[in-house]
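We have chain A; now place chain B onto it with these hints.
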Amino acid sequence: MYKLADIFYKAAEIQPDKTAIWCDNNSITYRELVDLVSQYSNFLLSNNIVYRDHIGIPMTNSIHSVALILAAANLGVGLVPINPTLPIDAIKAAFYSANIKHLIARQAFFENCDKNGGLEILGEKICIDGKLEGTQSLLEADKMSKERPIVEHVTGDEILIITMTSGSTGAPKPISLSQKNKYERAMAHIDLYKITQDDNVLAATPLYHSLAERLVLIPLLLGGTSVLLPRFTPNIWINCVKEQSVTFTIAVSAQLNQIAAVNDNSLNGTSLRCLVSSSSLLESHVKNQLIEKLHCDFHEMYGTSEVSTVTSINLSESIHKKQSVGKPIPGADVVIFKDNGEVATAGEIGEIGCKTRLLCEGYYKMDEVFEKSIQNNYFKTGDVGYLDEDGYLYFSGRKKEIIITGGINVYPQDIEKCVFELPEVRECAAFSYPDEKLGEIVALAIVINEGSEINQRKVQRHCAKNLADFQQPHKIIFLNELPKNSMGKLVRAQLIHTI
Amino acid sequence: MDILEFIVKYLEKKHTIDHSVDLETLNYVESGYVDSLGIIQFVCELEDEFDIEFSEQELSSQSFQVVGQLKKLIETKIAEKKKV
Chain A
1 MYKLADIFYK AAEIQPDKTA IWCDNNSITY RELVDLVSQY SNFLLSNNIV
51 YRDHIGIPMT NSIHSVALIL AAANLGVGLV PINPTLPIDA IKAAFYSANI
101 KHLIARQAFF ENCDKNGGLE ILGEKICIDG KLEGTQSLLE ADKMSKERPI
151 VEHVTGDEIL IITMTSGSTG APKPISLSQK NKYERAMAHI DLYKITQDDN
201 VLAATPLYHS LAERLVLIPL LLGGTSVLLP RFTPNIWINC VKEQSVTFTI
251 AVSAQLNQIA AVNDNSLNGT SLRCLVSSSS LLESHVKNQL IEKLHCDFHE
301 MYGTSEVSTV TSINLSESIH KKQSVGKPIP GADVVIFKDN GEVATAGEIG
351 EIGCKTRLLC EGYYKMDEVF EKSIQNNYFK TGDVGYLDED GYLYFSGRKK
401 EIIITGGINV YPQDIEKCVF ELPEVRECAA FSYPDEKLGE IVALAIVINE
451 GSEINQRKVQ RHCAKNLADF QQPHKIIFLN ELPKNSMGKL VRAQLIHTI
Chain B
1001 MDILEFIVKY LEKKHTIDHS VDLETLNYVE SGYVDSLGII QFVCELEDEF
1051 DIEFSEQELS SQSFQVVGQL KKLIETKIAE KKKV
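Respectively, the protein sequence lines represent chains A and B. Using the working numbering, read the first sequence as starting at 1 and increasing by one per residue. Using the working numbering, read the second sequence as starting at 1001 and increasing by one per residue.
If you're looking for bench data, these hints aren't it; they were derived computationally from the structure. It should be emphasised that the depicted structure is a prediction, and the values quoted were computed from it without experimental measurement. Ideal placement from N, C-alpha and C gives every residue a C-beta, glycine not left out. Misleading hints may appear alongside valid ones.
[As the list claims (entries may be wrong)] Okay, derived cross-link-like pairs now, DSSO-like style, lysine-lysine, Cα gap no bigger than 27 Å in a straight line:
1. Lys1009(B) x Lys125(A)
2. Lys489(A) x Lys475(A)
3. Lys322(A) x Lys1009(B)
4. Lys465(A) x Lys1009(B)
[As the list claims (entries may be wrong)] Taking CB as the label site, the calculated pair distances span:
5. Glu1053(B) x Glu424(A): 14 to 20 Å
6. Asp1048(B) x Ser271(A): 44 to 50 Å
7. Met1001(B) x Asn376(A): 39 to 45 Å
8. Ser266(A) x Phe1006(B): 36 to 42 Å
9. Ile499(A) x Glu1053(B): 20 to 26 Å
For reference, chain A alone in the conformation it holds in the complex:
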C-alpha cells in the first residue's frame, strides 16, 4: 500500500490528540490536521483541480504547506514546489517543464510576479494567505466539509512531487517522485535509523527540497511528531531542538558547520538521539565539535535527489574508514563506471552508479535524458569516486562542474550566461570557493572588454536582479585573462588560485 493519504489518516486515528506538526510556535494535532487535509482536498476539488493535475507552489515551511502535500496525495494530484525567491524566468522555466496547470501561492508571491510581468496560469490561481483579485482564497477552505473525499482511482503510482534539479536559468531537470517513491524513501529511512512514533523529527531545510518533504512525511506516516523549522539559523535550530525535544533529524552539512561553530554547550544531554549529516562530508574537527555538543548517534550519508540515500556510515565506522561516505544501505548497490563504460575494480576511480528501489520515476517528459543516465540498471550520478575492498564508497568530486553552496547545486554556466549579458564583459567563469559556513560559495572571474569599465557593484546588481539568492557570486575578481589549456579550454580548477 503506497497511498500516502490512507497511511496518514490511519496513523491519525490512533492518537488523534497527539501533536502532528509543530511549526513557528504553532502546533496542530492529528485530529485537526486530518480536518485541515480534508477541507483542503474538498476546496481543491471545488476549484476544478482534478486527478493528475499539476500545481505549482512556491513553498514555505508551514503547517498549511504540509497539509497541501497530504491533500495532493489524497486527490492523486502532483505538486511542483519551487523556491519562492527564484527570478521570474527560472519560475517560468520550472513551471513549463513540469506542465503546471494551477498555482497556489502567498499574496507576496502573486504581487511580486505581477511586478515582474506576471505568470501565465491556465487553471486556477489560489492565494494562501489573503483575498486577492483574480484568485481564489485558500482561507475559504475552513467553510468546506471536514469529510474526507475519496478519489477512487488513486493507486499511489501518481506523481506527487516534481522537484527541480536546480533553479537554473537553463532547462531544469524535473525529477518525478510518485507517492510510491515517497513512501519507500520514508520507509527506508525509518528502517535505517530506527525511527518510531515516539520520535520528534525535525525538518530544517526548505520544503521545496525532497529532504524536508521526507523528514515531514516520516513522522506523519508513523504517528510521530513533525517539527518543522520555518527558517534556519544555527541559534533557531539549537533552541528548537531543545524546546521541542527533537529526537531525530537529518541536516545538510552546511547547517552543521554553522551549528558546530556556535559557542553554546546547552545542547548537552538534550533529547536528540540521532543526527544525520547529508550533502557532503564534514571536516573531522566539525564532527568532533558536534559530538561533544550533542552526545548522540551520528551518521553521514551520500545520495542525490534522483536516488535518495545510497550509502550511510556511522561514527565508529568512520574512525576506521576516514573520508568514506559509507556502505550501500539495504536495497541499494553501488558500482563505479570507468570512462570506457566498464565496471571498475576496488580502488579505481570512476563515475558513481547506483541501483536502488528508491530511484525516482524519471525526469518528467524527458525520458531520453533520463535513459541516458542509466547503465545496466544503475543510475549514473555524475559524481566521481571509488569503492575500497570492503565495499565502502569514497566521494572524490563531481563529473559535472557544480558548485554546492549550502547544500544547493549551482551550475556555473547559469551564472556565466547571466553575467555575459553585461556588454562590458568579454569572458567570465564562475567557480567554487571554499567557505566555512556554506561549504562552498560562488566565485566569479571576469575579463572585461578593452576600453570598457565596470565595477563589482554593477555586476552584483545585475546578478541580484537576474539570479536566485543561492546563485549570487560572493567573490568577484577581475582578471586580464582566464586560465586556459593549450586547446584554449577553460581550466576552472586554476581559478581558485587567482583569489
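Showing chain B alone in chain A's frame:
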C-alpha cells in the same frame, strides 16, 4: 513605496512575518528572514529602489540587520541626497 513597507515586502518573499513581531527591533538576519546567500540581493534591491548606495562600513554594521535602524539609515541617505 514607503520604506518600511518595501523592506517588509522583501523580507516576506520567503516567509510571512507574524503580526506579533516588533518590526522596529527585528533582526532579520538572526531571525532567518534573509540568510547569507540572500543578503547581496537585498542590498541591491534597496539601493535600486531608493537610488542610494551603502558603504562597506554601513553594510557590515550590526544595525544594518535591524529593520527599524535600517529604515532610519535609508531615510538619512535619501535626505542627504536631496541636500546635494
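Okay, the hints, checked on the actual structure:
At roughly 20 Å between alpha-carbon atoms, Lys1009(B) and Lys125(A) fall within 27 Å of each other, so this suggested pair holds. With a CA separation close to 23 Å, the supplied pair Lys489(A) and Lys475(A) stays within the 27 Å bound. Using a Cα cut-off of 27 Å, the hinted pair Lys322(A) and Lys1009(B) is violated, with the two alpha carbons roughly 47 Å apart. With a C-alpha separation of about 16 Å, the suggested pair Lys465(A) and Lys1009(B) falls inside the 27 Å cut-off, and the hint holds.
A hinted range of 14 to 20 Å holds for the C-beta pair Glu1053(B) and Glu424(A), which are about 19 Å apart. Roughly 46 Å separates the CB atoms of Asp1048(B) and Ser271(A), a value that falls within the hinted 44 to 50 Å. For the pair Met1001(B) and Asn376(A), the beta carbons lie near 58 Å from each other, so the given range of 39 to 45 Å is not met. A hinted range of 36 to 42 Å holds for the C-beta pair Ser266(A) and Phe1006(B), which are about 38 Å apart.
Between Ile499(A) and Glu1053(B) the C-beta distance comes to about 25 Å, which sits within the given range of 20 to 26 Å.
Going through the hint list in order, the structure does not satisfy hints 3 and 7.
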